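There are 2 protein chains.
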Amino acid sequence: MNQAITHFIAICSDSIGETAEAVVQATLRQFELPNTEIKRYMNVREEDELTELMEEVARRGGFVAYTLVQPELREVIREEAVRLNIRTVDIMGPMMQAFADTFNDYPKRLPGLLHRLDDSYFRRVEAMEFAVQYDDGKDVSAILKADIILLGVSRISKTPLSMFLAHKGYKTVNFPIVPEMSPPSQLREVTNGNIIGLTIEPEHLLKIRSERLKVMGLPHQVQYASLERIQEELDYALSLYTELGCPVIDVTDKAIEESAGLIMNFLK
Amino acid sequence: MNQAITHFIAICSDSIGETAEAVVQATLRQFELPNTEIKRYMNVREEDELTELMEEVARRGGFVAYTLVQPELREVIREEAVRLNIRTVDIMGPMMQAFADTFNDYPKRLPGLLHRLDDSYFRRVEAMEFAVQYDDGKDVSAILKADIILLGVSRISKTPLSMFLAHKGYKTVNFPIVPEMSPPSQLREVTNGNIIGLTIEPEHLLKIRSERLKVMGLPHQVQYASLERIQEELDYALSLYTELGCPVIDVTDKAIEESAGLIMNFLK
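These protein sequences, in sequence, are chains A and B.
Just so you know, we're using my numbering here: the first sequence kicks off at 641 and counts up by one.
Just so you know, we're using my numbering here: the second sequence kicks off at 641 and counts up by one.
Don't read these hints as lab results, they were simulated from the structure.
What you are looking at is a predicted structure, and each value in this text was computed from that prediction instead of being measured.
Some hints here could point you the wrong way.
Keeping only pairs whose Cα atoms sit at most 25 angstroms apart, straight-line, the calculated DMTMM-like set for lysine to aspartate or glutamate is [stated by the list, open to error]: (1) LYS808(A) <-> ASP776(B); (2) LYS854(B) <-> ASP787(A); (3) LYS894(A) <-> ASP759(B); (4) LYS894(B) <-> GLU658(A); (5) LYS679(B) <-> ASP787(A); (6) LYS847(B) <-> ASP759(A); (7) LYS679(B) <-> GLU872(A); (8) LYS854(B) <-> ASP758(A); (9) LYS854(A) <-> ASP758(B); (10) LYS778(A) <-> GLU769(B); (11) LYS778(A) <-> GLU766(B); (12) LYS808(B) <-> GLU897(A); (13) LYS679(B) <-> GLU658(A); (14) LYS894(A) <-> GLU686(B); (15) LYS679(B) <-> ASP758(A); (16) LYS894(A) <-> GLU766(B); (17) LYS894(B) <-> ASP758(A); (18) LYS785(B) <-> GLU872(A); (19) LYS748(B) <-> GLU897(A); (20) LYS808(B) <-> GLU769(A); (21) LYS808(B) <-> GLU851(A); (22) LYS679(A) <-> GLU897(B); (23) LYS778(A) <-> GLU672(B); (24) LYS808(B) <-> GLU898(A); (25) LYS808(A) <-> GLU766(B); (26) LYS748(A) <-> ASP776(B); (27) LYS679(B) <-> GLU686(A); (28) LYS679(A) <-> ASP758(B); (29) LYS894(B) <-> GLU851(A); (30) LYS808(B) <-> GLU677(A).
Using C-beta positions, here's what the derived DEER-type ranges look like [unchecked claim]: (31) ASN744(B) <-> LEU884(A): 50 to 58 angstroms; (32) LEU907(A) <-> PHE906(B): 31 to 39 angstroms; (33) GLU841(B) <-> VAL818(A): 45 to 53 angstroms; (34) THR882(B) <-> ASP758(A): 27 to 35 angstroms; (35) GLN737(B) <-> SER825(A): 56 to 64 angstroms; (36) SER794(A) <-> GLU719(B): 28 to 36 angstroms.
Where a beta carbon is used, it is the ideal one built from N, C-alpha and C, also for glycine.
Next up, chain A with everything else stripped away, as it sits in the complex:
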């Protein structure tokens, strides 16, 4: 059922608007506004484009979040905001000012992400390919090549976490933990503290596994989605983590980004 859009937010960027959208989404989580449309205007470089989008916002009664670095465009959006009585939020301006004032430096004012084929680019691509190649315990030899080794029972979100960490440049592998299967012996050779054990509240995992079975068209009443079996698996995993002496992250109620943030903090 599509509900009518009642709130409108425009993102105006000289690049792709990813940064502005991150701030809009974080703020949106603080409000109860389910029927909100967020529209991105990307690669805005001309005054005409600005005028057009500001008129759409005026018509629809929303506000504008912008990331524009060129002084002329910043001036135009401020003028149009006054002319049309539209509220605007300047996402990067205050921070550019803080940089300039604190570090006595001037911004380059070049729009776009200024992407370069630098070491960081190659590292991220390599990490993502690594994570795909060695997902779900496909090859134990990867353990000794990885920056991060994630352990956890089925459906605890190992794959999405691995991909997110890889996107941040960490070569990540993950291994499923099952009571009936001995963990790879290579885990005991890892000495640099990059093994992370994942855990979760049993009721939470029950919900995820039941949902999974539903999607697969399987009956709910199998052992896999029973609280007793889940508890047994989680107990076994925790005893293994203790034996390995690795840090344990509880992913219950955490977004992927949040769990990944905690893991990256452990590595620092």
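Assemble the complex: chain A is given as a structure, and chain B must be docked to it using the hints.
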């Protein structure tokens, strides 16, 4: 060689600081400040923690970017900023105000990401697992199940792009294009316009492939990393895209996020 850190930026968040870091990184790209340390203070909930971090910033001479939603903590950071003469940037405050003023609503002021096991969570997890499972043309049957089908020659960044799009909730598959190999016949059955052809400037790809060979310890002078071969592959790919009538994205000089943004725009 480690260079001395000369600029210090503190991120202070009642959650993980991901949003603030996005704004800091976008701003940093506008300056030439290679020796900058960005330090995240996550899950800040107590006044003591705030005072401690502000004193560190005062000592090290940087500034603070913060995302705090609770009024008491916001008040403390403002007071400490005055007391210690530190510049602060409030990442979410101006937008929370714009929301409140424009939509006549009040923020919930709950710290954290408010993660829920909602449809969007399940869709993203499923999309990431799908992307991992069907990466690099592993199974042509996936073509008819995918939201996005990426085509491109070797090393054009199909895997990282697929993972990024999957992280945004799109089930993505990718297929390598090689002149010597017929493309899967299923491509011609796709009618909903979700095939995207990737292209790149030959010199750019040459640099990426040469780097790849270096990492693998292979000689540079192979056909794979010759400009003639690359041109032949790209020409073949472009003729296939024309035949399929799919949009073409040039990934030259674009960050993964930027190419992904363009692709998502095509789908809308």
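We went through each hint and held it up to the structure:
no., hint, in the structure
1, LYS808(A) <-> ASP776(B), "holds, 21 angstroms"
2, LYS854(B) <-> ASP787(A), "holds, 21 angstroms"
3, LYS894(A) <-> ASP759(B), "holds, 15 angstroms"
4, LYS894(B) <-> GLU658(A), "holds, 13 angstroms"
5, LYS679(B) <-> ASP787(A), "holds, 21 angstroms"
6, LYS847(B) <-> ASP759(A), "holds, 13 angstroms"
7, LYS679(B) <-> GLU872(A), "violated, 39 angstroms"
8, LYS854(B) <-> ASP758(A), "holds, 15 angstroms"
9, LYS854(A) <-> ASP758(B), "holds, 15 angstroms"
10, LYS778(A) <-> GLU769(B), "holds, 14 angstroms"
11, LYS778(A) <-> GLU766(B), "holds, 19 angstroms"
12, LYS808(B) <-> GLU897(A), "holds, 12 angstroms"
13, LYS679(B) <-> GLU658(A), "holds, 22 angstroms"
14, LYS894(A) <-> GLU686(B), "holds, 21 angstroms"
15, LYS679(B) <-> ASP758(A), "holds, 23 angstroms"
16, LYS894(A) <-> GLU766(B), "holds, 17 angstroms"
17, LYS894(B) <-> ASP758(A), "holds, 12 angstroms"
18, LYS785(B) <-> GLU872(A), "violated, 35 angstroms"
19, LYS748(B) <-> GLU897(A), "holds, 21 angstroms"
20, LYS808(B) <-> GLU769(A), "holds, 18 angstroms"
21, LYS808(B) <-> GLU851(A), "holds, 20 angstroms"
22, LYS679(A) <-> GLU897(B), "holds, 17 angstroms"
23, LYS778(A) <-> GLU672(B), "violated, 42 angstroms"
24, LYS808(B) <-> GLU898(A), "holds, 16 angstroms"
25, LYS808(A) <-> GLU766(B), "holds, 20 angstroms"
26, LYS748(A) <-> ASP776(B), "violated, 39 angstroms"
27, LYS679(B) <-> GLU686(A), "violated, 36 angstroms"
28, LYS679(A) <-> ASP758(B), "holds, 23 angstroms"
29, LYS894(B) <-> GLU851(A), "violated, 38 angstroms"
30, LYS808(B) <-> GLU677(A), "holds, 17 angstroms"
31, ASN744(B) <-> LEU884(A): 50 to 58 angstroms, "holds, 54 angstroms"
32, LEU907(A) <-> PHE906(B): 31 to 39 angstroms, "holds, 37 angstroms"
33, GLU841(B) <-> VAL818(A): 45 to 53 angstroms, "holds, 48 angstroms"
34, THR882(B) <-> ASP758(A): 27 to 35 angstroms, "holds, 33 angstroms"
35, GLN737(B) <-> SER825(A): 56 to 64 angstroms, "holds, 57 angstroms"
36, SER794(A) <-> GLU719(B): 28 to 36 angstroms, "violated, 49 angstroms"
Consistency with the previously given hints fails for numbers 7, 18, 23, 26, 27, 29, 36, ordered from lowest to highest.
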